[in-house]
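J.: Spelled out from the first residue to the last, the chains are:
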Amino acid sequence: MSDKSKGSVAPDVPATEPSFWEADKGLASWLFTLDHKRLGVMYLVSTMIFLFVGGAAALLLRTELLTPEGDIFSATVYNKLFTVHGAVMVFLVIIPSVPGALGNFLLPLMLGAKDVAFPRLNLLSFWVYTLGAMFFLYTLFAGGLDTGWTFYTPYSSTTGTSVVSATLGAFILGFSSILTGLNFIVTVHKMRAPGLTWNRLPLFVWGIYATAVIQILATPVLAITLLLITIERTLNIGIFDPAMGGDPVLFQHFFWFYSHPAVYIMILPGFAIESELIAVHSRKHIFGYKAIALSSVAIAIISFLVWGHHMFVSGQSELAGVIFSFLTFAVAVPTAIKVFSWVATLYKGSIEFNTPMLYGLMFIFTFSIGGLTGLFLGSLATDVHLHDTYFVVAHFHYVMMGGTIIAFIGGIHHWWSKMFGVNYSEKAAKIGALLVFIGFNMTFFNQFILGQQGMPRRYYTYLPQFQQQHVLSTIGAYILGAGLLWTAIYLIHSLRRGEKATSNPWHGVSLEWHTQSPPIQHNFHGTPVVTSDPYDFPEIDRTGETDRH
Amino acid sequence: MNLSTLFLAMAPAKDAPLPPNDAKGGPWSMPIQASTFAPETDAIYLFILVLCLISFVGIIGATLYFMRAYRRRSPDQKTSSITHNGKVEFLWSAIPAVLLVVIFLWSEVAFMKQVVPPSDAIDIRVKGQKWFWTAEYPANPGVQLNNEIIVPVGVPVRVTLTSEDVIHSFFIPAFRIKRDAVPGRYTTVWFEATRPGDYNLFCAEYCGDQHSEMRGVVHVLPLDEYEAALEEAGRLELEQGESLAAFGERIYTRKGCNACHSTDGTTKTGPSWKGIYGADRTFADGSSGKVDDNYIRESILEPNAKVVAGFTPQMPSFQGQLNDDQITALIEFMKTLK
Amino acid sequence: MSAIATAEHPEHLAHHFDTLEQQAAAAKLGMWLFLATEILMFSGLFLGYFIIRMFYPEMVLEAHEYLSKTAGGVNTVVLITSSFTMALAVRAAQVGDQKNLIRNLIFTIGFAGVFMVVKYFEYSAKFEHGMLPGKFYHAWDHGYYIEGLPHIFFGLYFCMTGLHGIHVLVGIGVLTWILLRAKKGEFGPSYYTPVENVGLYWHLVDLVWIFLFPLLYLVR
Ligand code: HEA
Ligand code: HEA
Ligand code: CUA
Ligand SMILES: [Cu+2]
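Chains as they are written, first to last, in numbering that gives the first Met the number 0: chain U, 0 to 548; chain R, 0 to 337; chain L, 0 to 219.
Chain U on its own, in the form it takes in the complex (with noise of 0.2 Å):
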């Protein structure tokens, strides 16, 4: 530890004790692993293999929608196509992926503490998981699923297809989900170090925290909605369909009462990591910490009350549509605040454009389109017209891949000499992000403008003035599905013929970065002591403290 920082102590480390990897052989030892940063790792992979199964999905239908007409799969297959890509990567892909490889990873670390609150309960939400997603693959070789990652009733409760599985799959997967946010909310009130006040905890843990919130209050609400509509297909008992009786919007108030704050389950990580990337890579303090840190609590509770933005040509009452209008623009503004407040950091800083800088710089970019088109929706006269076409696409693929899988992506560069202690080739790593940013605009941008053209979604076969766009948009898939593959292979590369990693590559403050890379099986040799704040870096320069405070 050549750059100690005047912040943080933590007991030097005697470089003798085996890393976390080298501690316990064999595989059973990572099976039945107790170990925070293990059970991260195998999200880590298994999220990623997921991430590559969902995109393969989205390169083929994307591959259909070359022509108008539909040439290479039946109707019935690019239904299955999509209703896989959209809830493979929801379920197995985003929602688990930042909590479960780096919170898991990095929350304990960050804390001082020697692992997460429970263990034990930790090892079992990962095997939920893998359950979960058993199920899922279930679904795919029973047949599929077509009913869209949103399983609307009636045609959910009719369809030939696997519906049951599937949506037992994801009711399991939300137990997982709530057994890791019930354990993170518990870790952060009760296994902080000596001196780590909640207004010294890095970001990162601030954005997993309230994730885990939601988690817990939402997640519950899904699971029975999802309980309920398996047992609808199975008994008839008659509340969502409307042949026996009930009512197929009360399924769709159910369901975005969930999925809503849904949304925001998979951006606060993306805007947890988001901070630390930009924070560290300019060395400046973080600009409005506290803004930050509120905000993500206040977009965790106003985020329940705006659902009904899914709904505004349902036929659900006027006034509800005019109050969740209204509510769904409260929730910008706290977003608003984050981004201004990356900026602002930027400011008087010292940037570097390392591969991590460079995906928390394209966030700030996508993300604000994403967010910025949620406006048009959440406007009730224009989203009338944009509603269910390829606007709504575009919103959520440049908030979710744009926002949440870029962060994770810079997260990943960004914590991988901790995680396994070598250096991937930062030349390979640019022309990565090169590709990812220029494919993905491509592929994205002009679903704007079909949408707003009026392209439905969902559609297998389109009019034939719409194919421009569609070949622009296919195009830009393939550049972004080699730009990752692309990602994946150095990164493995870089496991095998990988440099050795120093400890604190990018003088970093948070605790994490005071253990060995990577770390020993208990984190720390003692408990850490946190005497600052962890964005206090060596180079901020306070002879003169002429600015402003």
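Within a straight-line C-alpha distance of at most 25 Å, the following computed BS3-like cross-link-like pairs (lysine-lysine) qualify:
hint : chain 1 : residue 1 : chain 2 : residue 2
1    : U       : K499      : U       : K429
2    : L       : K98       : L       : K182
3    : U       : K347      : R       : K77
4    : R       : K337      : R       : K305
5    : R       : K77       : U       : K289
6    : R       : K126      : R       : K112
7    : L       : K27       : L       : K182
8    : U       : K347      : R       : K86
9    : U       : K289      : R       : K86
10   : R       : K337      : R       : K254
11   : U       : K426      : U       : K499
12   : R       : K334      : R       : K305
Read the hints as simulated data drawn from the structure, not as lab findings.
Guided by the hints, dock chains R and L with the ligands onto chain U, whose structure is given.
T.: Relative to the frame of chain U, chains R and L with the ligands by itself:
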């Protein structure tokens, strides 16, 4: 609203030459504006777009500038110790909040206009069904249109929607309207068309295999042609000099058989009619038979009596909607499909 | 991994905690959060119930007459009593009264068993009368005519009481586990968190029933 006129001026010209299809307002713009709602929706759209562009350019501009000005020049470059600034933070929360309230209000006012139809509106009842639309005109009994609706220019029209099976959504981009058709419920939407022409009607809510084929055409006609056209649409008779088979083909498209039956051998919801006459059939209950006049008649009037193996009993009965002459014509048409 | 736990650690302290207090506080917070998720899950069902009741008030009123108020009432008393014995068990664990701990745990499990037996008779009566959920509903074959769409009411009835019943069964399971541990003498004034947490869980199961009973059995 004054602003709206400003942004109206920037929206695509209203009196462009009539395009063959409505998205031809240019590759980068909104579809043609063909209802009274369209100009205002587009104006709001542009208003939000301009606000977004301003904030986006501001954010990305600042980012790019900082990236240049504060790039790391030396490994130990010093950085500023600013951590927050109450005034700035207040401003960047308050200004967006105010702008958002403006967007909300304008949009809300526009939306409320779409809610309550004027009392003198013409009524149309539209039913969605896998995978076609049927329109009926209470004022003109007997008129039943499939995958098309006919409306007059300059008269408000109220559409009452429902669905036979799953949720569909009635979407006319050129009118900027959309409304779900929900089974077991009635929803309404209204509009007033402003320019004659043919416009796309889409199903916007995912409803299964042929969701993307559940498209129709909206014919907007001048008021004086409208009544005649409806009458014409209501009448489905053998015309002077028309062969029975040709008449049958007209029924085939007019009555929406084409939504489920192809003539080229591709299987849609129902079996294709290619080579249907005289063909052998096996039924879901295991029995079998030949396609002859009686069987076809039965299939049309009581579709569920014999269900062709491999298909689901989804065909609606056309009892009371097709008379004997029309069924005969359909049979003649089928005979021609070798 | 917990083998690292060294001599300076008290017996029940997991290696990653510093003190027993920290461990107990974490366990308790975790349990409360878990209970919150349980309540939210049931509230989804309650919401569904209220909406159906709003849609079809007469049907719900008429159908609920076929639920046995006596059986429901008995079960309410049984569960409340079991909550009481559970509280006694926790108290006993805290003061280290081994005999009372075991006795009260056995009582609690016994009451839970009684609850399930009563439930069994209720369910089999419904089965016999064809008052089954959804498409299996065929009470008219047995001479019962309820106006409207009673299959929805009984669908909900079975969902809600069924989910609750599963919770009771799980409760019996964990109570037995606690009982076995108690018999080994694992709990005492310095370590009783598991008993306390299972107690909290059991109170929740009781609480849910206290809402279910009036909503389903005493509609008026
Ligand atoms: C990560 C996930 C994520 C996130 C973060 C968001 C964020 C937002 N979303 Fe999005 N949304 C989805 C995922 C997400 N969404 C998904 C998956 C769907 C479709 C589901 C389906 O149907 O399949 C959807 C659909 C959806 C709809 C329904 C559309 C329809 O079907 O008709 C609406 C409508 O209001 C909406 C609105 C918003 C808004 C207002 C935000 C806001 O939170 C955005 C706030 C951000 C900003 C405002 C930008 C940043 C700020 C600035 C750059 C500063 C300047 C700002 C101002 C001047 C205001 N979203
Ligand atoms: C986290 C969420 C997430 C992510 C990351 C993505 C990523 C992508 N999505 Fe997806 N998408 C959804 C969530 C997501 N999507 C959801 C929820 C829906 C709605 C579903 C519904 O309607 O029910 C949807 C729907 C959806 C549609 C609309 C379908 C329709 O309405 O008919 C389209 C079409 O373009 C699309 C495309 C893509 C593409 C090209 C990517 C790309 O970003 C994918 C990039 C990844 C890869 C490409 C994989 C990596 C590489 C390889 C596999 C190696 C092989 C490749 C090469 C050699 C080139 N998505
Ligand atoms: Cu009908 Cu989509
Ligand atoms: Cu939403």
